[in-house]
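Whole structure, please, built from the sequences with the hints as guidance.
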Amino acid sequence: MASRRIVYHKLAVLANISVIWVVFAFLFLYNIILIEKELVTGRSLLLFSIAFATIGFIVSAALVFYLKSAFRHYPLWVSASLKMAFTFGLFILIAFVMLSSYYVFSEHRTLDQFADSFYREVFLTRGFMIFMFDLAVMTLLTILIIEVTDKYGPGGFWSMMRGKYNKPRIENRIFIFVDINNATTIAEKLGHTKYFRLLRDFFAEITIPILANGGEIYQYVGDEVVLSWKNTPLNKQKCFKFLRQAFFLLKRREAKFMKRYGICPTFKAGIHSGEVTAGVIGIVKKDLVYSGDTLNTAARIRSKCHELEETFVVSEGFLHEFSTPFAYKVNEIGEMELKGRTEKEKLFSVIFE
Amino acid sequence: MISKRVFLYRLYIVLNIVVIWVLFSLIFLYNIVEVDKEALSTRRLSFFTLAFALIGFIVGGAEAFFLKNAFPKLPIWLSTVLRMTLTFLLFLLVSVILLFAYYIFRYQGELSFMDFEKNFVQKVILTPSFLMGMIDLGILSFISILVLEISDKYGPGGLRNLIRGRYHKPRKENRIFLFLDINDSTTIAEKIGHEKYFNMLHDFFADITEPIIANWGHIYQYVGDEVVICWKNTPKNKLRCLKFVRQAVLTFKRKEDYYLKEYGVAPTFKAGIHAGNVTAGYIGIIKKDLVFSGDTLNTTARIRSKCHELKHSFIVSIDFLHDFEVPAEYHLNEIGEMEFKGRKEKSKVYSLELN
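Chains as they are written, first to last, in our numbering: chain R, 1275 to 1627; chain F, 41 to 395.
These are computed hints drawn from the structure, not numbers from a lab.
Certain hints may be false.
[Stated by the list, open to error] Here are the simulated lysine to aspartate or glutamate pairs, DMTMM-like style, with alpha carbons at most 20 Å apart:
1. Lys328/F to Asp1453/R
2. Lys381/F to Glu1581/R
3. Lys1512/R to Glu1490/R
4. Lys1441/R to Glu235/F
5. Lys236/F to Asp1475/R
6. Lys1560/R to Glu189/F
7. Lys236/F to Asp1567/R
8. Lys1578/R to Glu1606/R
9. Lys328/F to Glu1498/R
10. Lys1504/R to Glu1583/R
11. Lys1504/R to Glu1595/R
12. Lys1438/R to Glu1611/R
13. Lys381/F to Glu1498/R
14. Lys1441/R to Asp1561/R
15. Lys193/F to Glu1595/R
16. Lys209/F to Glu1479/R
17. Lys328/F to Asp1424/R
18. Lys231/F to Glu302/F
19. Lys193/F to Asp1561/R
20. Lys1438/R to Glu213/F
21. Lys209/F to Glu1421/R
22. Lys1560/R to Asp329/F
23. Lys209/F to Asp1475/R
24. Lys212/F to Glu1462/R
25. Lys381/F to Glu1421/R
26. Lys1441/R to Glu189/F
27. Lys236/F to Asp1561/R
28. Lys209/F to Asp1424/R
29. Lys310/F to Glu369/F
30. Lys1438/R to Glu1490/R
31. Lys1438/R to Asp243/F
32. Lys328/F to Asp1561/R
33. Lys231/F to Glu1549/R
34. Lys328/F to Glu1606/R
35. Lys193/F to Glu1421/R
36. Lys1512/R to Asp1453/R
37. Lys236/F to Glu1445/R
38. Lys1542/R to Asp1475/R
39. Lys1542/R to Glu1617/R
40. Lys276/F to Glu213/F
Bear in mind the structure is a predicted one, so any value in this text is a computation, not a measurement.
Right, here's the structure in full:
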């Protein structure tokens, strides 16, 4: 069940990688052209680039859509070599099928003859070996790029390249602090390693509703994950949608979690919005950091969930200029003192209807 | 003043970039060799590779040591273009000097600069293979800059751990954690405004990087105004951890004038230190991150918040002091007891005085 947003995200990664393949196709080919101009004419440069783009598209599509999480539990170098072997096999298969159909249909020879000449004329030539070597390097590069974009998160790599946050900016943002219920009890029951796996599965599950609703994962802090949206009425609705989808997704996955861990995680969340200063911090470990009271308040609202025994708590600031959709019920449940301000912030609980 | 550790770390990145350059020089050359076998013999292959390694070393070195922070306020694509232009000029300069030297020493004919210039421009700069070589170099320089940027995102050793798969299965590790927080951050932020405060935060974290790396610390995370630093739990690292606190304090004493001039306030910090078992591993699908999980971290955060309560700058837990002989230049005073999660008895905490 991949939603449209997730497919778009993957397609964007795919398009970027295809561009890189084409750039390198030009580079490889120009290096050849220079030495021997007669061998390669302008027409075949185009053909070569298209061929490279196609191969790049197929390889990276296979990687992005199917293979990405295939060997998740292996070290990167092992999974990279496995993936490379797999894409290599895929490539050989495609080449073989295409060439054999060309051979059989347009030259009217038998498949046996073809197989024989395939080995002699294509497979064992040095040109083919070099080409394969080029492809292997490109595939490795592709795998690394996918890994790196995962580190930055969607859009993170481009905002780094554009230097969006090189100068600190003041932004109005929504923050959701999500926390697993009874984390300490579960950790004691399961043991720390198994608990960590549960945490990993939990975060993996809620990634889908996060992406589907355009949320940004800001940070993992211990057992907590901090999500963030730009503060617009539409995004406020998306926040609510995220809570609902994540809640019911975990319900649907209950059987899987029960089987694996004997326990199904539920979560609580605190929502707040306001102004923060956003910017990149650090020299040898650079990271995008949001700083401001808004975050501290959001964290305290999340900790109020436990105190007030509510699952989802939102602040008055978040509900400001926002008419709650029908499917949600919002009740006032109390007040909270804010740092450096005399008036108190009202708190509300959210219930799905 | 650049410490040995920082230098070694940068050198390590440069070496990695050289490996990438060599790899690509092999690809470029093999693509050529395949087409025109006579043009290049084996001797020239090693020569070509060596030349690429050398250029890669110079370019990578210039990037990592000098150019990296040359344009910090510009967007990366712009600073990349500027840096690439500078590298290009550097390369041109080096090649002109080398060729000129070759010309003077080896050329048997008449020596004249005009002659050299004519030869140089016609025979080297305006040939297509020189342009091609420049494009190759341009792309490789671009890749070098990206590698530098990305390795900064992962932090020292982060990329290597990822490739080696050190944390692909969650591991239990015994680690020292140090939570470091700016004193009176809310008051300062209100006084100087949020934007200026953020700039101060940026400078603060930049200045603290030096003592962290010099003492082999690993920056785990920035959480708001806080930075979490960790070490493997060994007696040697405990010493480094204390040394880090001392050096950081001295660094900010030295820079006090700068901060007062720039922001009207000199930041000081408090820190909580604790050690214990955590589970380490990667978490997340679209935002993958190394995460340490466990009570140790929560406890450290609570020790750090005790600093404020007990009015001490640096507080150390008894777990950290276990099996550790505190050197004479550090003084530890027992200041109270604290409840630790999952323990019946209260544990002692100590304040750390530097003198």
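We went through each hint and held it up to the structure:
1. Of the pairs offered as hints, the one joining Lys328/F and Asp1453/R holds, with about 18 Å between alpha carbons and a cut-off of 20 Å not exceeded.
2. Using a Cα cut-off of 20 Å, the hinted pair Lys381/F and Glu1581/R holds, with the two alpha carbons roughly 18 Å apart.
3. The hinted pair formed by Lys1512/R and Glu1490/R meets the criterion: a straight-line CA distance of about 12 Å does not exceed 20 Å.
4. Between Lys1441/R and Glu235/F the CA atoms are separated by roughly 9 Å; this keeps the pair inside 20 Å, and the hint holds.
5. The suggested pairing of Lys236/F with Asp1475/R is violated, with an alpha-carbon distance near 40 Å, which exceeds 20 Å.
6. Distance hint between Lys1560/R and Glu189/F is fulfilled; the C-alpha atoms sit about 9 Å from each other, no more than 20 Å.
7. With a CA separation close to 15 Å, the supplied pair Lys236/F and Asp1567/R stays within the 20 Å bound.
8. For the proposed pair Lys1578/R and Glu1606/R, the alpha carbon gap of about 13 Å is at most 20 Å, so the pair holds.
9. Proposed proximity of Lys328/F and Glu1498/R is supported: the alpha carbons are some 14 Å apart, at most 20 Å.
10. Restraint check for Lys1504/R and Glu1583/R: not satisfied, since their Cα atoms lie roughly 28 Å apart, outside the 20 Å limit.
11. For the hint pairing Lys1504/R with Glu1595/R, the CA-to-CA distance comes to about 15 Å; that is within 20 Å, so the pair holds.
12. For a cut-off of 20 Å, the pair hint linking Lys1438/R to Glu1611/R is broken: about 34 Å separates their Cα positions.
13. With a CA separation close to 18 Å, the supplied pair Lys381/F and Glu1498/R stays within the 20 Å bound.
14. A hinted pair counts as satisfied when its Cα atoms are at most 20 Å apart, and Lys1441/R with Asp1561/R qualifies at roughly 13 Å.
15. Between Lys193/F and Glu1595/R the CA atoms are separated by roughly 37 Å; this puts the pair beyond 20 Å, and the hint is violated.
16. For a cut-off of 20 Å, the pair hint linking Lys209/F to Glu1479/R stands: about 18 Å separates their Cα positions.
17. For the proposed pair Lys328/F and Asp1424/R, the alpha carbon gap of about 6 Å is at most 20 Å, so the pair holds.
18. A C-alpha spacing of about 14 Å is found between Lys231/F and Glu302/F, which places the hinted pair at or below 20 Å, so the restraint holds.
19. Note on Lys193/F and Asp1561/R: the hinted pairing holds, with a Cα-Cα distance of about 6 Å set against a maximum of 20 Å.
20. At most 20 Å may separate the alpha-carbon atoms for a hinted pair to count; Lys1438/R and Glu213/F exceed this at roughly 37 Å.
21. Among the hinted pairs, Lys209/F with Glu1421/R is consistent with the structure: their alpha-carbon atoms are about 17 Å apart, no more than 20 Å.
22. Under the criterion of a C-alpha separation no larger than 20 Å, the hint pairing Lys1560/R with Asp329/F is consistent with the structure, at around 13 Å.
23. Of the supplied pair hints, the one linking Lys209/F and Asp1475/R holds, its CA atoms being roughly 13 Å apart against a limit of 20 Å.
24. Simply put, Lys212/F and Glu1462/R have alpha-carbon atoms about 15 Å apart, close enough for the 20 Å limit, and the pair holds.
25. Among the hinted pairs, Lys381/F with Glu1421/R is inconsistent with the structure: their alpha-carbon atoms are about 36 Å apart, more than 20 Å.
26. At roughly 17 Å between alpha-carbon atoms, Lys1441/R and Glu189/F fall within 20 Å of each other, so this suggested pair holds.
27. In summary, the hint linking Lys236/F to Asp1561/R is supported, as the alpha carbons are separated by about 18 Å, within the 20 Å threshold.
28. Under the criterion of a C-alpha separation no larger than 20 Å, the hint pairing Lys209/F with Asp1424/R is consistent with the structure, at around 18 Å.
29. Among the hinted pairs, Lys310/F with Glu369/F is consistent with the structure: their alpha-carbon atoms are about 19 Å apart, no more than 20 Å.
30. Restraint check for Lys1438/R and Glu1490/R: the C-alpha separation of about 16 Å stays at or below 20 Å, so the hint holds.
31. Our distance criterion of 20 Å between C-alpha atoms is met by Lys1438/R and Asp243/F, whose separation comes to about 19 Å.
32. Pair hint Lys328/F plus Asp1561/R holds up; C-alpha atoms about 13 Å apart against a cutoff of 20 Å.
33. Between Lys231/F and Glu1549/R the CA atoms are separated by roughly 17 Å; this keeps the pair inside 20 Å, and the hint holds.
34. A distance of roughly 37 Å separates the Cα atoms of Lys328/F and Glu1606/R; the hinted pair therefore is violated under the 20 Å criterion.
35. For the hint pairing Lys193/F with Glu1421/R, the CA-to-CA distance comes to about 13 Å; that is within 20 Å, so the pair holds.
36. This hinted pair checks out: Lys1512/R and Asp1453/R have alpha carbons roughly 19 Å apart, not beyond 20 Å.
37. For the given pair, Lys236/F sits about 15 Å from Glu1445/R by alpha-carbon distance, which is consistent with the 20 Å threshold.
38. For the proposed pair Lys1542/R and Asp1475/R, the alpha carbon gap of about 17 Å is at most 20 Å, so the pair holds.
39. Among the hinted pairs, Lys1542/R with Glu1617/R is inconsistent with the structure: their alpha-carbon atoms are about 26 Å apart, more than 20 Å.
40. For the hint pairing Lys276/F with Glu213/F, the CA-to-CA distance comes to about 16 Å; that is within 20 Å, so the pair holds.
Checked against the numbered hints given earlier, the structure breaks hints 5, 10, 12, 15, 20, 25, 34, 39 and satisfies all the rest.
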